[in-house]
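Undergrad: These protein sequences, in sequence, are chains A and B. The opening residue of the first sequence carries number 1 in my numbering; numbering runs sequentially from there. The opening residue of the second sequence carries number 1 in my numbering; numbering runs sequentially from there.
Fair warning: there could be bad hints in the mix.
Short, incomplete list of chain B residues facing chain A, as computed with Cβ under 8 Å [unchecked claim]:
1. Tyr206
2. Pro257
3. His460
4. Glu563
If you're looking for bench data, these hints aren't it; they were derived computationally from the structure. Computed from a predicted model, the values in this text were never measured in an experiment. For each residue, glycine too, the CB sits at the ideal point set by N, CA and C.
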Amino acid sequence: MNAIMSEIRTALMSTLVLVVLVCCLYPLAVRGAGLLIFPRNAAGSLITRAGTITGSELIGQCFTGPRYFHTRPSAAGKGYDAANSGGSNLGPLSKHLRDTVAERVAAYRQENGLGPDIRVPADAVTASGSGLDPHISVRNALLQAPRVAHAAGMNPEAVRTLIHAHTEAPDALLFGCPRVNVLTLNIALHENR
Amino acid sequence: MHPVNIIELLLFVGLLLAMTKPLGLHLAAVLDAQGKTVLDPFVQPAEKFLYRLIGIRSTDEQSWKRYTVSLCAFSLVSMLFTYAVLRLQHLLPLNPQGFGPVRPDLAFNTAASFTTNTNWQSYGGESTLSYFSQMAGLTLHNFASAAAGIAVAAALVRGISRHSVKTIGNFWVDLVRTNLYLLIPASFIFALFLMSQGVIQNFHPYVTAQPLDQQAAAAQSIAQGPLASQIAIKMLGTNGGGFMNANAAHPYENPTPLSNFLQMLAILLIPSGLTYYLGRMLKNQRHGWAVWTAMLIMFLASLSVCWWSESAGNPRLHALGVDAAEGNMEGKEVRFGIFDSALFATVTTSASCGAVNAMHDSFTPAGGLMPLVNIQLGEVVFGGAGAGLYGMLVFIVLTVFLAGLMVGRTPEYAGKKIEARDIKLCALALLILVCTILGFTAWAAVAPRGTAAITNRGPHGLTEMLYAFSSAAGNNGSAFAGLGATTVWYNTTLGIAMLLGRFFMIVPILALAGSLGAKKPMPQTAGTFPVAGPTFIVLLVGTVLIVGALTFLPALALGPIVEHFLMTTAPVVY
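Work out the full structure: start from the sequences and follow the hints.
TA: Structure (structure tokens):
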């Protein structure tokens, strides 16, 4: 019994020691280093325009107007709720998934004036894992370009040039997929007008 | 499936291979109370100071029983600490969102989850927990449970490599040294890299943004927090509990494909290094590499199926006019695409990590089957930090035993006779996993409180429950997250499953360490079964697969396997 009590005492002490080390000193040291070396990243890569925060470069947001490129469908809260991230968690045989995707396909084709023979990009009609995906595929952006150009009264070629300027290549040409950051692209469009 | 993905895979395996030896050597020094490392000049004074504070002598060694008592006492105390932090979070600092106390069942589940290195996310991260709860309540265990796992693996390896002794090391020394010489420095460096990619680290209240398209949304509240420090150890310690609900799919936790690549590497780093440590301690480096190779074979096999299935996508959606070229994108992020999501799913379930960068619940049936199988094999394909190696050592002892039976010789491993008691302990360690997973899943499948939580009907619903208890008992922590498991019933049963899967496995393993350590060495003869080379690798892989298949195939047939055939042949939806 004495042996067990002494073990409990050691356990208490080592828990306290670890709390000080890894729960206080370590996160504060990382915070300090972040402030010194990567202040913008550590604070959330926020985009500020005319004194107000428009959003974060890394966090997607909702777009419905025809003048904007649209992000992917989102299952985070009521859509792009960045305080409530998450996916739809619908399985492959889900009736709800099938019906929702069918609606999204029809809406995507109608919005962008696409015929029934055009296959809709998968990312345009499926919800992402986080519900905050800031990116869309290049093909998705190019299919939306004529609609955006028309609504914004711009030359379609200029819109396509903007898309390519906001396309991120795979990291080190190796990791991940080419992708278009919707928020920065839309801000560029907005400021172009 | 793209050629550039093959290059990425080769680079991944190549880097893992290249880092195995240096890390194994470092582990050998860290896990020796008198070991010399390059960090000694900086860390040794702190180490000595800590020993004085907690009142131990680094030269004292413990019997397996004492080692077990120390580990259990530490786990109990630290679990109660986390429970208290969560229950009292409304009174504690760093709570800018003003979250109330965590419900008792959820606090129990979360405390059990982090103590056991499971990190099952019943909690909602940014919508439930304050910064202090994350930093103190959860990060404590990210370090402590990983160190405890490594300690148990080291104790077992000591038992195998020593002979005629009663002691297997000192738990407190292993705990302190693993943290000071390995986990804390490595996490700090990794956290710096993560911030360079955009992972946040701050204590600001949630940011309110005025979105560009004011017609679509008037305001967007963006969750903040000290992420980088927690994500670094979440990966290195194979914990996997996310700061945010969406875990590594969240752009703040995993902003770029490069951060994703290194996070995957970080998960497998320590488990892989431990195989080299095994070879070094047994003075049989070829054995260490044979174990590594067996793990790699199973890893690649599992990845191939998952990758293929996710690339092929969901024919139901293709029939609606969705482009098949992108694969199954439901629940996946554009920046990762199919390959990085399939690789991540394989890595995180091979190890007992459980972080996810895509939602496994929305994977295709065969793509979701592989993560589930990885967990059910006991997470011995590299496995968790420490837990992978001690799990694999159980299978190695079984393999040696089976090989001995086949040729009619007394089985021996590393110069030790394997006797009935040792095999019983191994069987116990395996059976506890099986009984917990299948027992609880069976209960959930017939209990109204079990089935009420499933999101997807049909075979997928059974898979959600089977996955939950596999993940809990296997201390993985990933989920088919459609299961609405934040109920009192699930929080309690899953919490119990985690504790059973962790401690009822660790106790027989430490007993095995004690039993093997006490044995006298036997001279190696021409008849000794060699534990290196292709024959051993094939037998080891075979043992792991046969034990896993015999146990779980019936349950899997009713879940993902039947779902796969329904998807490809029948027009049903649920």
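Undergrad: Should the interface hint for His460 of chain B be scored as holding, given a Cβ-Cβ cut-off of 8 Å against chain A?
TA: Nearest chain A Cβ about 4 Å off; hint holds.
Undergrad: So, Tyr206 of chain B near chain A? Judge it on the closest CB pair being under 8 Å.
TA: With Cβ-Cβ at 6 Å, under 8 Å, it holds.
Undergrad: Is the interface hint for Glu563 of chain B satisfied, with its Cβ closer than 8 Å to some Cβ of chain A?
TA: holds (6 Å)
Undergrad: Given a cut of 8 Å on the nearest C-beta pair, is the interface hint for Pro257 of chain B held or broken against chain A?
TA: Hint on Pro257 of chain B: holds, closest Cβ of chain A at ~3 Å, below 8 Å.
Checked against the numbered hints above, the structure breaks none of them.
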